[in-house]
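Let's have the full structure, built from the sequences with the hints guiding it.
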Amino acid sequence: MKISTLLTDIGDILQEDFLNSPIWTKAEILEYIRIIIRAFSVNTGIVDKIYIRNVNPTTGEAGVPEDFDRIFYLLFNQTQVDLVRLSDLDFLQSDWTTGTTGTPHGATVFGSGSNAVIRFVPVPDIAAGLVYGGGYNTLTVTSPDGNIWNITIAAGNISTTISGVTTTSFVLPGLTTFWDLTINNVGVLSTAASAQTSADVVYLTDSTTSALWQMKTDDAGAIAPGSAHIGIVSRVVLDGVVQAFFSDGSHNTGTTIDHGIIVDAYTTGVSTTATATIHLNKPIGVSIYDRNADDAAVVWYKGRLDDVVTPDSELYVDNGFIVVIKWGVLALAYEKENDGQDLEKSQLMWQLFTLGCNAIKRIFQRK
Amino acid sequence: MTLSEIRSVVKKLLFEDTIHRSDAFINKAINEGHQLIALFALFDERRTTLNIPGSRNFVAQPTSTTATCFAPLYVANAESGKRLNPVRPDQLEFYATKWEGQIDSTGEQYYTNINPYHHMFNALILCPIDDSGRTNLNIIGAYIPIDLSADTDTPRLTEDFQDLLVIYAHFYGLISEPSRTKAALVIFKQFVERLNELINTIKSRFPSGRDYEPFPLEFAYAGPLTNEKPIPEQKQNEN
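Respectively, the protein sequence lines represent chains A and B. Start counting the first sequence at 283; every next residue gets the next number (the working numbering). Start counting the second sequence at 95; every next residue gets the next number (the working numbering).
No lab work stands behind these hints: they were computed from the structure. Using N, Cα and C, we set each Cβ at its ideal position, and we do this for glycine too. What you were told as hints is all true, and nothing was included just to trick you.
Each computed BS3-like pair below joins lysine-lysine, with the alpha-carbon atoms no more than 27 Å apart:
id, chain 1, residue 1, chain 2, residue 2
1, B, Lys122, A, Lys308
2, B, Lys276, B, Lys122
3, B, Lys122, A, Lys284
4, B, Lys122, A, Lys643
5, A, Lys331, A, Lys284
6, B, Lys106, B, Lys122
7, A, Lys584, B, Lys192
8, A, Lys643, B, Lys283
9, A, Lys643, B, Lys297
10, B, Lys122, B, Lys105
11, A, Lys584, A, Lys643
12, B, Lys276, A, Lys618
13, A, Lys618, B, Lys122
14, A, Lys618, B, Lys283
15, A, Lys308, A, Lys618
16, A, Lys284, A, Lys643
17, B, Lys176, B, Lys192
18, A, Lys284, A, Lys584
19, A, Lys331, B, Lys192
20, B, Lys297, B, Lys176
21, B, Lys297, B, Lys283
Here are a few chain A residues that sit away from chain B, every Cβ distance over 12 Å (derived from the structure):
id, residue
22, Pro304
23, Thr341
24, Gly345
25, Arg367
26, Ser369
27, Leu371
28, Asp372
29, Gly381
30, Thr424
31, Pro426
32, Asn432
33, Val453
34, Ala477
35, Ser480
36, Asp589
37, Pro593
Label pairs and their calculated CB-CB ranges:
id, chain 1, residue 1, chain 2, residue 2, range
38, B, Glu173, A, Thr361, 27 to 33 Å
39, A, Asp372, B, Ala190, 25 to 31 Å
40, A, Gln297, B, Ala190, 56 to 62 Å
Structure (structure tokens):
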């Protein structure tokens, strides 16, 4: 659901049109939504994420992603590693603090949130960086006006910048089809049906997090909306304007899935300049690793829903679940000290929010 | 009942409470209630065949038109008819360590589910992978119904429990009006009681359980709106 739609729904209940001397502003409600989707993530425990992490070969420690809440399944070299309490590491290996190496068969987590650290015991003797076999990790695409664009990712932000390096043509794989990766004159990426009968293996390395992403599409040229594991595509908005996205010049009407690899993006700066950065509310693709050299950790953890940034952002939560989020937002809105304050109603909505989160958690029996 | 019939009842109830809301507002309330009930009661069960091309463990949950499956209730291989057993991720290790990527001529035997909150992230994780390179699964799942939009549209919820939509929309209207919190609480309690009847009805149809089960809601409001006196302690009989 678009955040703007959710804002309208909540405004209707608050009897607030956000126009004439508003009691609540859109910015306030947006902030409440941010707060509540974090609480919803933690209280329901239904946001599952899977990430590959490097293990430090000296300390046996691995960091966690920024939205880490709690871990529920841990693999090293594709094999499960038991998660135990800190004090129980002594039973696995009494001198574990000395950094003895071997094949990890236990691990613990200390610290909280993004500062948490996973410690493997013993320290893996074959810990290595993520290795991937072949493929491209420098992406350059030529726009119709002849400029060569370099595509990079840093901390989840994808950028297209003009570069002077030699371009390469990329063909992205769908399940059974092939798509040419193209770019327009202002740096907006898209795909077009390819005449090729084979695809390239295309990777992008996040320069900040070192996450490795593989770029794929579905058989419509879009990343399948049914599978985030190969990414999704919805729309590109530059400076608040939906961009032309097809090679034939037509554009997204908001009801169809566009071709391309961009997800819910927005820009800062002037979008007509070559260096405009497209920010993503979520990364693209899926992190991968080579099965023959995967001496790294795979962390399955409870994370949180992505922050919503603007009214144009998409809240990736299905109807039904959104009702519970709405209850929480109303609780915060009625709590605010203004002419619309209603503490009784706020208290009722808080209890409904808690009721909803608990019910969801119970149905899905979260790990 | 059709959407317009339900809306008429809701409108009448709100009118009696001197609350006047647009048709669009009431439609929104009815749809929200419909989808919320689907989530808590798992009543909107549908059968879908899911085609899985290639060899992979992770597959997306099925969709039906634009309704989305958020919880599988029964999963079976469409060719062999064998049921896939639901497990937690760590239980996949019981099949084999390094289970990811394992291919087996017996076909899929286990599955787990992640991210039920949105159809783009909701995935089945199957183990092992069928060696045919292509699999069809029959999935009976719980769906979130799409919005009722035309006046003649009818809810997926059985008619016996469509009063739930009226009750929720009534609550939705009350909560949008100042100084009606106490009335809203009373109506919401009715909603929970009736919803629990629906949930119990669904559970009684499946005494052996399904892969995901609804649970009755436990709503005990604690706050200033109830004037209930605390239950006095029973005096001990000194004799």
